[in-house]
Every structure is written in structure tokens, then in C-alpha cells.
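*Asks:* Given chain A's structure and the hints, the job is docking chain B onto it.
Protein chains: 2
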Amino acid sequence: MLDRIRVVLVNTSHPGNIGGTARAMKNMGLSRLVLVEPEDFPSGEAVARASGATDILDAAQVVPTLEDALVGCSLVLGTSARDRRIPWPLLDPRECATTSLQHVQQGGEVALVFGREYAGLTNEELQRCQFHVHIPSNPEFSSLNLATAVQVLAYEVRMAWLAAEGQPTKQEKLETTAMLNSLPVTADELERFYAHLESTLVGIGFLDPAKPRHLMSRLRRLYGRAGVSKLEMNILRGILTETQKAAQGAAYKRSDDDV
Amino acid sequence: MLDRIRVVLVNTSHPGNIGGTARAMKNMGLSRLVLVEPEDFPSGEAVARASGATDILDAAQVVPTLEDALVGCSLVLGTSARDRRIPWPLLDPRECATTSLQHVQQGGEVALVFGREYAGLTNEELQRCQFHVHIPSNPEFSSLNLATAVQVLAYEVRMAWLAAEGQPTKQEKLETTAMLNSLPVTADELERFYAHLESTLVGIGFLDPAKPRHLMSRLRRLYGRAGVSKLEMNILRGILTETQKAAQGAAYKRSDDDV
Numbered sequence: 001m002l003d004r005i006r007v008v009l010v011n012t013s014h015p016g017n018i019g020g021t022a023r024a025m026k027n028m029g030l031s032r033l034v035l036v037e038p039e040d041f042p043s044g045e046a047v048a049r050a051s052g053a054t055d056i057l058d059a060a061q062v063v064p065t066l067e068d069a070l071v072g073c074s075l076v077l078g079t080s081a082r083d084r085r086i087p088w089p090l091l092d093p094r095e096c097a098t099t100s101l102q103h104v105q106q107g108g109e110v111a112l113v114f115g116r117e118y119a120g121l122t123n124e125e126l127q128r129c130q131f132h133v134h135i136p137s138n139p140e141f142s143s144l145n146l147a148t149a150v151q152v153l154a155y156e157v158r159m160a161w162l163a164a165e166g167q168p169t170k171q172e173k174l175e176t177t178a179m180l181n182s183l184p185v186t187a188d189e190l191e192r193f194y195a196h197l198e199s200t201l202v203g204i205g206f207l208d209p210a211k212p213r214h215l216m217s218r219l220r221r222l223y224g225r226a227g228v229s230k231l232e233m234n235i236l237r238g239i240l241t242e243t244q245k246a247a248q249g250a251a252y253k254r255s256d257d258d259v
Numbered sequence: 001m002l003d004r005i006r007v008v009l010v011n012t013s014h015p016g017n018i019g020g021t022a023r024a025m026k027n028m029g030l031s032r033l034v035l036v037e038p039e040d041f042p043s044g045e046a047v048a049r050a051s052g053a054t055d056i057l058d059a060a061q062v063v064p065t066l067e068d069a070l071v072g073c074s075l076v077l078g079t080s081a082r083d084r085r086i087p088w089p090l091l092d093p094r095e096c097a098t099t100s101l102q103h104v105q106q107g108g109e110v111a112l113v114f115g116r117e118y119a120g121l122t123n124e125e126l127q128r129c130q131f132h133v134h135i136p137s138n139p140e141f142s143s144l145n146l147a148t149a150v151q152v153l154a155y156e157v158r159m160a161w162l163a164a165e166g167q168p169t170k171q172e173k174l175e176t177t178a179m180l181n182s183l184p185v186t187a188d189e190l191e192r193f194y195a196h197l198e199s200t201l202v203g204i205g206f207l208d209p210a211k212p213r214h215l216m217s218r219l220r221r222l223y224g225r226a227g228v229s230k231l232e233m234n235i236l237r238g239i240l241t242e243t244q245k246a247a248q249g250a251a252y253k254r255s256d257d258d259v
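Going down the list, the sequences are from chains A and B.
When we follow the UniProt record's numbering, the leftmost residue of the first sequence carries the number 1, and every step to the right adds one.
When we follow the UniProt record's numbering, the leftmost residue of the second sequence carries the number 1, and every step to the right adds one.
One thing to keep in mind: the hints can contain errors.
Said to hold, decoys possible - Computed from the model, here is a short list of chain B residues facing chain A with C-beta under 7 Å:
(1) 152
(2) 158
(3) 187
(4) 225
(5) 242
Derived by calculation from the structure, the hints in this document are not laboratory data.
Ideal placement from N, C-alpha and C gives every residue a C-beta, glycine not left out.
Isolated chain A (complex conformation) (with noise of 0.2 Å):
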């Protein structure tokens, strides 16, 4: 079940914290490292700092973008240490573990995502979690070592599926197209429902590209923290497409009048 949830670095400057971060994450029994644009990978001394960890260093997934990290996971949640404008929902690493460890029961895939050592995440790449995990700190030195975040997050993972395992799983007999409509949606049908979202606010004079303002991020928001299942995102893919053949109806109608 912890194969179900992956670790996610971005652009990590130090090779050190890539090994730490994959012994951390077999003391804790996870396995899938997946590495964002890492400045310096493979190394010897990711090797050296992962203290025989190799395994997960080799199997580890290197891709270009956080988008490629994503693919497949139903359940995003992104490290923070910075106060934001807009506020998003928000777990401490107990929450984090426990709320990652129900999505994998249910048969999703996670991603804890963690940004830069100096900078974080940026704006952007936090809109594309569904949650933000801070882990709490002493405000004036709150900047925790990369490895030493993963190993707090992952150590609260461990405890929540050692606790978990001590009782009945739950929904284990659920008929396989109730099972299938249940399921969470991923990262990427998530992005493209946005997409589609997006174009349709426009289509129908909501959202103005000009002057976009913060709608699209609230909108992430709030779809981010109801968990969309796939049953519901074909209905609000529906719900969209019908709006924009209502909206285009419309528009010819008013070009129409224009003439």
C-alpha cells in the first residue's frame, strides 16, 4: 500500500539531500522517488548520503516537469513553509499521513511534493496541490533540511499505516463499476477539467484573461479539497460542454443582432 505513495523533489540543488531523502524513505518503507529537474543526479554522493538505500536511488523516476511527476496520482499535497495570499487548505504532517493513507486505501496514488532547499515551491507549482502540508516550526527559523522534511512526513506515514494495519480495511466490497465510478480522478484528468473549465468562464464572460484575478486558483481550491471522484468529473465535464454549446448558441445568436 506505502508503494502507492510517491515522493516528489523539484529541482534539488544538492545530491546529498536526494540519498538522505531515499534512506529516509526505506527506513519508513516508502519506495517511489520521482526527481524533478535535479541539477546534479546521479551522484556519488546521493549514493554515499543514502547509506544503502541504492535501490530507491535507481529506481528513482527522473522527468522535466512536476506535470510528469503527477501523472496517475489522485491526490497531490505540497510542502510550505511560507505564508501565503491565498489561503488553501492546509494539514500538519499527522493530517497529511493520515489523509494520504485513506486516499491509498480507497485505491488512489498520492504525491507529497517538496520544492527547492532555498525557495520552496513556487506559487504555481503549490496551486497544483490539493493541500498544503506545513510541517509546524519555530517561526524564526522555520526552514527545515529537504531530507529531514521528507523523514518528518514519511515518519507520520509509517505510524498512521502501522495503526491502520492493526484494523479491518474498510470498503473492501464495493461492485466494480461503483468501484471504478468512486475512484478519485488523477492529477492530469484534474488539469484538464480546469483547462475546460477555464475556456468555458471565458466562453460564457465570467473570466476575463486580461484581468484573471485569483478565480481560477479558488476554483483549484475548492475542487482540489472535495476530492473530485470519476463519476462526478464526467458530470462536471458535462456540465461544462453543455454550457459552451449554450454559450456559443448564444454568441452567434448575438453576432446575429450585431449584423
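*Replies:* Leaving out everything else, chain B in the frame of chain A:
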């Protein structure tokens, strides 16, 4: 209160781990570091890995024996990765943290003792501890990096401390307007939204009132689960209004066609 919980490192080989420990401690609000016969200290590598937590390194006490390190402590907890021949009272990191915190709340002093990178604490050292602490880990790969192990225990201490202080484990800074906007909508607002949504879906031809099936109940479940805020409700209602305008235009157009 956290200044009555000291971290004791015994015979540390790598100065980088001392620096990493200082950083992890300061991140979590701990300040007292005691080093029993470190192999290489002070050290530039420790300063580098401390990443700004040099005040902790500067104030670190260096002592010749574990006994010296424990002077004044009324509760001593020793970390252990190994199976021991003599069973000993064993705590997980969370229990370690709550026990430590209760102890300092009652006026005591606590030591969290960490052993050597490769060999841990000796049996004699472990017998000086009232409790042993084990960080749950993969049985096939159980040895954590030293600074990382310090991080896990210090993190749990901070979580317990925040809970005891009545402080939130996460801090969202909302301004007043943002706060009002982020309030959840009331049940009646939600009902008005569903009515508006339903009439809109009928208007765009997505919902057939003669065959409504489960569409509205599925949408209710989705938005109900999301916990829509007042700001988000305004956005959703705005989208519906614009959709209706678009649909009316199109319907008007279609009735023209019919003539």
C-alpha cells in the same frame, strides 16, 4: 519550557551530524545540546550543516562522560534501534514526547540521548535510561541518520508542546475580509445554490426534469463534501448566472430558427 529538554549526542563521529542536529533542534524550538566526547568538534562542517543554527552549536556543552551530560536530569530517554536482550520500558516517539512534556510541566529536566552513528548506545548506556525510544522503521532497513532521528523526536516534542500550549499546529494568517469570505456557507445558502444549479442545468439541457435520475443528489454530495465558503459560493452563483444568460441567448436563437 522546551529549554528543559536537552539533546545529548554520544561519541558522534561526523561533525555534519552535529550541525544537522543543531538545525533540527532550532527548527523545533529546542536549544540545549550536550556532546559527549564528539570525535570532531568544533568543526566547519558542523557550522555548514547547522545552516544558521550556530547559536545552538556555540552554546553546546562538551563533556567527557554520559554521566556528566545527565546532571540535573530527572527523566532520561535513550534511542535504540536494536533488539535488546533485557526487555526495557519502550516508547514510540509520540509517547516519548508526551512523557517528556509532562515531565517538564511538573518542573523536571529531560534528556533525549542519541548514540553513535554505527553502534548506537551501549547496553551500559541504555541501562542509564528510564525509557528506551524506538522510531518505528522498516525492519530490513532500520538505521536512521542521526540528525534525522533527532528531527523525528524533536518534531514530536514540538507537536506535544503546541497541543499543551493550546496552540494550533498550523497557522493560517487570514485577514478580516479573507476570513469572512472563508466562512462556510449556511445550509439555506447552499439550498438556494442547488435550486439555481438545477434550473441552470435544465436551462442548458443537461438535466431533463422528466428523467432527473441521481444527478442533483450527486452534485449535492460533491459540493456538500467540499464545504463551500462564502467567497466560493459567490463565484459559483456568478458562473450560474452567466451560464443562464448564455443559455437564454441560445434558446432565443433556437426559437428563431424554429419559426
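*Asks:* The structure should be examined with respect to each hint, and the outcome stated for every one.
*Replies:* Hint-by-hint comparison with the structure:
About 5 Å separates the beta-carbon of residue 152 of chain B from the nearest beta-carbon of chain A, less than 7 Å, and the hint is met. Satisfaction of the interface hint for residue 158 of chain B is found here, the shortest Cβ-Cβ separation to chain A being roughly 6 Å, below the 7 Å cut-off. Against a cut-off of 7 Å between C-beta atoms, the interface hint on residue 187 of chain B is violated, since the closest Cβ of chain A lies about 18 Å away. Among the interface hints, the one on residue 225 of chain B holds; its C-beta lies about 6 Å from the nearest C-beta in chain A, closer than the 7 Å criterion.
Given the 7 Å rule on beta carbons, the hint for residue 242 of chain B holds: about 4 Å separates it from the nearest Cβ of chain A.
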